[in-house]
Every structure is written in C-alpha cells, then in structure tokens.
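Participant: Could you build all of it, start to finish, from the sequences and the hints given here?
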Amino acid sequence: MTVATTRHTATAGTPSPTDSRSARSAGTVSRILRERWMYLFIVPGVAYFVIFQYVPLFGNLVAFKNYSPFLGFNASPWVGLQNFTDLFSDPEFLTALKNTALISLMQILFAFPAPIALALMLNSLISEKAKRLVQSVVYLPHFFGWVIVISIWQAVLGGVGPMASLLNSLGHGHENVMADPHTFLALVTAQVVWKEVGWGTIIFFAAISAIPVERYEAAAVDGANSFRRMWHVTLPGISNVIVLLLILRLGTVLSVGFEQLLLQQDAVGSGAAEVLDTFGYYRGVIGGQWGLATAAGLFKGVIGTVLVISANRIAKRTGSGGLF
Amino acid sequence: MNRLNRRSFLGLTAGLAGAAALSACGGGSSASPAGAPKDLLLPDSVTPPALPGQLSSTVGGVLPAYTQYPASPKPSVSAPPGSGGDITTMQVNYNAPPPALSGNIWQQELNKQLNANIKATLVTDADLAQKTQTFIASGDIPDIFYLNLQPNKAPAALGAVLQGAFIELSPYLGGSHSKDYPNLAALPAVSWKNSAIQGGLYGVPRPVPAANTGQPLFRADWMQRLGGKAPTNADEVYAMLKAFSTNKTWAFGAVTPWDQEFVLSMFGVPNNWRLNSDGTLTSYIETDEFEAALEFLVKLWKDGGFHPNAASNNYSQEQDLWTGGSTGFFGGNMLASLTYLRGTPIKGVADMVGSIKPFIAPGKDGGAAGFYQGPASYGMFSIPSTHAKDEKKVRELLSVLNYFAAPFGSAEYTLINYGVEGHNYTMKDGIPTPSQNPAMLAEMAGQYVPSPIEASIYDPGPPNESATIQKYFEQVTPSLVPDPTMTKVSQTRVAKGATLDKLIQDEFKAIVSGQKPLSELDTLRKNWKAQGGDAVRREFQDSK
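So the protein lines, in turn, are chains R and C.
According to our numbering, the first sequence is numbered sequentially starting from 1.
According to our numbering, the second sequence is numbered sequentially starting from 325.
Wrong hints could be hidden among the right ones.
[Stated by the list, open to error] What follows is a set of in silico ranges between Cβ atoms, one per label pair, in the way DEER data are often shown:
{"no.": "1", "chain 1": "C", "residue 1": "847", "chain 2": "R", "residue 2": "133", "range": "48 to 58 Å"}
{"no.": "2", "chain 1": "R", "residue 1": "143", "chain 2": "C", "residue 2": "747", "range": "35 to 45 Å"}
{"no.": "3", "chain 1": "C", "residue 1": "601", "chain 2": "R", "residue 2": "168", "range": "44 to 54 Å"}
{"no.": "4", "chain 1": "R", "residue 1": "77", "chain 2": "C", "residue 2": "791", "range": "54 to 64 Å"}
If you are wondering where the hints come from, they were derived from the structure by calculation, not from laboratory data.
These figures come from a predicted structure and were not determined experimentally.
Cβ atoms here follow ideal geometry from the backbone N, Cα and C, with glycine treated the same way.
Facilitator: What follows is the structure, given as structure tokens:
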C-alpha cells in the first residue's frame with residue numbers, strides 16, 4: 001500500500017497521458033480512489049508497523065557500535081563484530097542461551113499441548129453450565145500480572161508456606177521449592193501452564209466449534225465412541241490451527257517470560273534463571289553495555305526468523321497449510 | 325523517609341526492545357574530561373556557627389550531635405536563589421507520591437522561598453538505575469539530576485559522566501570560590517573528597533556518615549534475655565545468632581553481602597580491595613577471610629539462622645519480618661536506622677529505644693571489627709553540560725543547591741526536612757514533631773536534596789539519645805577500613821561493574837543458602853577474574 005501511494009504521487013507529478021505505464025498507474029490510482037475508505041482503514045495499522053516495528057529495526061546497528069547514549073548514534077564508534085565476539089566468549093551469555101533453550105523446549109513440550117488437552121476435555125463435557133464455569137475459572141489466572149502469580153506461588157510453595165510445613169512435618173526437612181535451582185525448570189513451566197492454559201483454549205474452542213456437527217453424527221452412526229470421535233474427527237479438524245500456532249510459537253522460541261524470570265532470579269540465582277531477555281536487561285539497561293545487549297537481541301531475532309521460515313517449509317512439505 | 329535499601333529492586337517494565345530505539349539522541353561534546361585524582365581542588369571548608377546544645381566529638385571524623393532543636397530557626401540564605409523560572413529536577417523519593425502543586429502547601433512554600441517553580445521527576449529507589457540511564461539516553465537531562473553511582477544504584481552512568489554529560493564544578497566551587505556558596509562549603513569535606521571523579525567535582529554530594537554500613541539494628545532485648553552479655557568474638561556472635569533462631573524467629577530475614585556485612589567486617593575481609601605492600605590489589609572475594617566469613621554463614625544457614633525465604637525475600641518482605649518481631653537483625657546504616665527505622669513500631673516491643681540498638685560486632689578473635697569506610701555520600705546532585713555555556717543558569721542552580729544544603733536547625737533545613745509549622749509538623753516540648761497524617765508526609769516527596777540531615781546526629785527521643793548515638797560512632801569510626809580504590813576510575817569497571825557485582829551477589833546468596841557448595845567459591849573467583857575482574861584490578865593498580 002505504501003508502494004501504491006508513492007506511485008500515485010509520482011504519476012501526479014508527470015503528466016504524460018499517452019505513456020502506457022501511466023495509463024496502468026492511472027488505473028491503479030482510480031482503483032485506489034474508488035476504495036479510498038478501505039485504504040484509509042489500513043493506514044493506522046501500517047503506521048503502527050512502520051513506526052514501532054520497522055524504524056526501530058535500524059536500532060540494530062547499535063550491535064556494531066560501542067554505543068553510548070550520551071554521545072548519540074553518530075558519535076559512538078563502530079566496532080565491527082567486536083560485540084558478537086564478546087558475546088560468544090561471555091559465559092553468562094552461554095548460560096542464558098542454554099537456559100532459554102531449555103525453558104523454551106519445556107514450554108513447547110508441556111505448555112503448548114496443555115490447552116489442546118484441556119479444550120478437548122472441556123469439549124467432552126455435556127453440561128453447558130459446568131463447561132462455562134470451568135472455563136471462567138481457568139481463564140482467570142491469565143489476567144493476573146506475574147508479580148501476583150509469583151506472590152501466590154510463593155505463599156503456597158515458599159519456605160514458610162503450607163507445602164513446606166507439610167513436608168517438614170513428614171520429616172523431609174525444610175524444602176523451599178521456590179528457591180531450588182535444580183527444580184526451577186519444572187517450576188517455571190508449571191507456572192506458565194497454570195497461568196495460560198485456560199486462555200490458550202479459546203482459539204482451540206473456536207476451531208472445534210467450526211467442525212461441522214454432521215461429521216460427529218456420521219461417526220456416531222458408524223459406531224465410533226466418544227474417544228474415537230475425538231481422535232478421528234476433532235483432532236484432524238483442528239490440526240491446521242495447531243500447526244499454525246506452533247509455527248508462530250517457534251518465532252518467539254528465544255523469548256521466555258521476561259518478568260517471570262526477572263522476578264525469580266534473586267531466589268534461584270542467575271545460573272538457573274538468566275535468559276536472553278534478562279541478560280539484555282542487565283547488560284543494556286542496567287549495565288550500560290548497549291552494544292553487547294543489542295547484539296544479543298539481534299542474535300535472538302535471527303534465530304527466531306530462521307526457525308519460523310524452516311518450520312513453515314516443513315509444514316508445507318508435510319501437507320499442512322503452513323502460515324505463508 | 326528511609327533510604328536504607330541499598331539493594332536494587334528490579335523495575336519490571338523496560339526490556340531490550342527499548343534499548344535499540346534509544347539512538348537518535350544525546351549531544352554535547354565527545355571530549356572526555358581530562359583529569360587525575362591529584363588535580364582535585366576541594367571547596368574550602370566553612371564551619372557553620374555552633375548551635376546551643378551542639379556536641380562536637382573529640383574523635384576525628386565523627387559528626388556533630390545536637391541535643392536540642394533551635395526554638396526559632398534562623399535563615400542561612402539572605403536572598404531567594406531562583407530567578408522566578410522553572411527548574412527541572414530528577415530526585416529519588418522514598419515516600420508516597422505527592423499531591424498536585426495546587427494542593428501541596430509544602431511545595432508552594434518551598435517554591436516561594438526559592439523564587440522558582442520546581443518541576444520534579446520523582447523516581448522510586450527500585451527504578452533509579454533504569455530512570456537514570458533513560459534520562460541520559462534521552463539527552464534531555466533535568467537541571468538538577470540525582471546521580472548515584474554506587475554499586476546496585478546506577479553505576480553505569482559513570483560512563484556518561486566521563487564523556488562529559490555533567491558540568492565539572494571546580495571553577496564554581498573549588499578552593500576559595502566556595503565562599504559564594506557557604507552552605508555547600510559547610511558540607512563535610514570527606515563527602516566532597518570521596519564523591520570526586522578523576523579529580524573533578526561533578527555534583528553536590530548528599531552527605532551521610534563515613535560509617536554507614538555494617539552496623540544493623542538488632543534485638544538488644546533478645547540478647548538481654550540470653551544473659552545480656554555482648555559477644556566479644558566470632559564464636560560468641562555465632563552462639564548469639566543461633567540462639568536468636570527458633571522455629572518462629574530467625575537472626576536474618578534476607579541474605580546479601582550488605583545484610584551480613586558485619587560478619588565480613590568481623591573476619592577482617594577488606595573493603596572491596598586490599599592494597600598489598602607491593603602495590604598490587606587483592607579483591608575481597610579472593611581473600612581467605614572472605615572464605616572464612618562465608619563458612620560462618622553457611623553453617624548458620626544450616627543451623628536455621630535465616631528465614632526460610634531469605635534467599636528470595638526482597639527489602640520490604642525483610643522489613644515486614646523485622647516489624648513483625650520475627651527477625652533479630654535489620655538494616656545496616658546506623659544513623660538512618662536509628663532515626664527512622666526505630667520510629668516504626670515492632671510487634672511485641674514496648675520500649676523501642678531500650679530494646680532496639682545498633683549491633684557493633686567484635687573482631688573475630690576479640691578487639692574491634694574492621695568496619696568499612698564508605699564514601700560519606702549517598703549520591704550527588706549534578707548539573708547537565710547542556711548548561712555549560714550559561715554561567716548565570718549554573719550559578720542559579722548552585723544557589724538553589726546551596727539553599728537545599730542549609731545547615732542543621734536553620735530555617736531552610738526545617739522547611740526541607742520538617743515542612744511548614746502547624747501544617748506538616750508542630751513543635752512539642754521543643755521537638756519538631758511530624759504530623760501523623762500520611763498526606764502531610766506525602767507533600768514532602770521532593771525533600772531528597774543535598775541536605776545535611778544525615779550528617780547531623782539528632783534523635784528526637786529521650787534527652788541523651790543524640791549523645792548516645794554519637795558515642796556509637798566514636799566506637800566504630802577509629803577502626804574504619806578505607807577502600808584503596810575509592811575515587812579511582814577503571815574503564816572496565818564502568819562497563820562491567822554492574823555485571824561483576826551481580827555475579828558476586830548471586831553466588832554469595834547461592835553459597836550461603838546451600839544451593840551451591842562452599843567449594844564453588846573458587847569458580848566464582850575464576851569467573852569474576854575472567855569476566856573483567858582482572859582487568860579492573862590492572863586499571864586500578866595503574867591509576868595514579
């Protein structure tokens with residue numbers, strides 16, 4: 001659409017009606033004019049992407065500079081790939097990368113399929129009333145901020161919570177699950193499942209409701225029990241949505257809950273809770289090493305892009321629609 | 325009002341996304357200020373006239389104590405410092421946010437006295453590092469800017485200072501020039517000296533005592549119950565800490581190098597660095613003393629001396645445990661703790677003054693512990709170099725800072741620290757008594773300025789309390805251990821200091837709380853050296 005607009009102005013400035021290219025453009029112009037209201041509706045969205053997504057992309061150049069905000073962009077010296085060399089020789093970065101990959105893997109293995117399972121389970125409930133009630137209850141945690149979620153978990157599982165008292169009275173010593181770096185991976189995954197599983201079901205419900213009822217009826221007539229109906233009708237019916245969401249999820253594979261991990265880093269130490277996003281925050285915003293932090297961010301973006309494109313190809317090759 | 329939290333609380337908002345976008349800004353020259361510590365020209369010191377009831381200590385470096393507050397505070401500034409325009413500030417605020425100017429009697433009065441319209445950006449302690457960096461990145465630094473370069477505050481801003489973001493004030497304040505600003509000249513010389521950077525004065529310090537860490541408040545009433553004998557060596561201290569810890573009470577509510585600093589001091593761990601006889605430096609984490617102190621704390625953790633959530637408790641959770649009567653130790657900066665923290669009641673404690681006292685640790689084998697000499701300032705108030713060519717503006721801002729720095733008991737000091745009489749406070753039996761209405765306190769949110777309130781010992785409690793507090797300082801001040809790198813600059817530390825400090829803090833926590841074995845200390849030392857520790861050492865050693 002931006003392209004179209006530029007062409008419009010260019011044509012307006014060069015009046016040569018006999019030129020065939022202009023004639024074609026004139027056609028485009030008149031089409032644009034005809035649909036001007038539609039185009040007007042797109043403007044805010046495009047402006048958003050240009051201002052907040054595309055222009056900041058140029059900020060990635062900071063990754064090749066020894067950047068000082070006070071000196072400004074132009075006065076900060078270029079350092080070539082120095083920031084990347086520093087990054088990959090930095091043990092903290094390697095820890096962060098490892099933790100991010102592990103947490104992400106756990107989330108794809110457990111947090112991603114959880115809403116599918118829940119949606120299928122809820123779908124098999126017969127009572128509409130019970131379904132609505134359960135849905136409301138499981139949606140709720142999504143609306144809590146991470147500060148609140150972690151306070152709740154701390155109150156229940158922390159060193160003075162009921163869990164610790166119970167274990168203590170059973171003679172297991174003082175266990176503080178919230179401050180144990182060895183089980184931290186399971187803890188953060190469980191927190192994500194608890195907080196987001198209900199919200200995640202919404203899209204799957206929508207997909208399930210789009211499956212024609214006749215298919216269930218036909219399957220029932222053929223003698224399929226409820227499990228068979230789920231397996232052969234519901235799951236294939238929503239498989240496109242599952243693949244689509246999985247591809248989207250891969251794009252953010254190196255972004256794992258910044259707030260969630262920042263809040264718990266003090267408790268378990270950076271060995272377990274340092275991820276790429278917190279690394280960038282500590283090195284850049286707090287530590288002032290903007291170039292290094294940006295290099296980490298750029299690296300993250302490149303990996304995400306590669307993953308999305310390859311996942312999309314694989315999806316297309318295996319016969320699911322893919323994303324683009 | 326308490327500024328006791330030296331730990332960083334993490335702001336939760338900004339991520340890396342913003343980092344890259346902050347590019348097209350900044351300004352000024354790229355010339356870094358040349359200078360060396362030996363070129364430092366301190367302001368000539370001026371001593372304000374003594375007040376009735378003032379006790380000056382015979383021990384060098386101990387602050388004056390005041391046994392009474394002047395009945396009619398006298399002005400220290402003859403003319404309003406401002407020229408009637410706006411003055412923007414960035415200040416830290418430890419209170420609730422203030423009401424709007426139209427409903428803020430205190431701010432209206434202050435503006436009137438200053439002949440200026442103060443436009444303050446108030447920042448919470450938790451957001452300080454982030455806001456400091458963001459303001460500098462925006463290129464639009466307020467006229468009076470609170471800059472705290474201490475570890476866990478905003479140490480990375482030192483880079484901008486060295487690149488010339490703030491005005492070097494020696495031409496205005498150095499030597500005899502200080503006579504133009506008598507209240508600034510009256511701030512303690514040690515605070516000026518230690519806040520200098522590469523021999524330059526980049527801001528007006530907020531003075532605090534040089535002994536400002538390592539003497540936490542403790543439950544003297546619990547010690548009384550145990551027999552009342554103050555411990556005289558590390559073993560007796562251990563016995564006391566263990567006895568403080570039952571199933572319902574604990575010695576400590578949090579674990580950080582700051583909360584347990586007195587244990588490090590007790591074992592003779594150096595103040596950041598030890599200067600060896602051959603001129604080399606040894607970091608405190610490399611010393612055997614540090615290992616011994618860690619061993620002491622690891623054992624105490626296993627013996628239940630720490631609250632079970634100590635590793636994750638933040639400052640306010642730690643304070644809740646203290647005021648709930650569950651922990652035996654809290655704080656670390658004696659003066660502020662005694663004046664402010666002791667004003668917050670503790671569950672089950674009737675006589676706060678008799679029950680809550682500073683804990684002055686003994687040496688490991690008896691004698692005195694080596695407490696750390698701090699910089700004697702807690703941040704400074706700087707003027708951005710965008711005003712460098714406007715001498716009139718700089719002088720106006722310095723006059724405003726001079727007003728803020730008015731000495732103890734003056735009219736300006738009273739307005740800044742207690743407010744408007746009959747509104748924010750009332751005089752009761754000669755003691756300025758703050759209003760119990762929280763809204764009155766909130767009006768004074770912008771009161772964190774270079775006032776010498778923490779460089780004056782005045783406790784409005786029992787008559788002799790000010791003198792008693794001064795005696796505590798006389799006890800710890802003579803054996804204060806200096807930091808040999810205090811005013812030196814290491815470029816690696818500018819770039820990586822925050823990261824290195826965090827590394828130590830994380831490992832300290834992990835080892836004490838048993839997440840990692842004590843043998844991991846060697847890994848910490850190795851990582852610290854590799855990640856910049858060795859470079860920092862070299863640069864400090866080479867800095868003359």
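Participant: Does each hint fit the structure? Answer for all of them.
Facilitator: Hint by hint, here is what the structure shows:
Distance hint check: the CB atoms of residue 847 of chain C and residue 133 of chain R are about 52 Å apart, consistent with the given range 48 to 58 Å. With their beta carbons about 42 Å apart, residue 143 of chain R and residue 747 of chain C fall inside the hinted range of 35 to 45 Å. At about 52 Å, the CB distance of residue 601 of chain C to residue 168 of chain R agrees with the hint of 44 to 54 Å. Between residue 77 of chain R and residue 791 of chain C the beta carbons are some 57 Å apart, a value that agrees with the proposed interval 54 to 64 Å.
In this structure, every one of the numbered hints holds.
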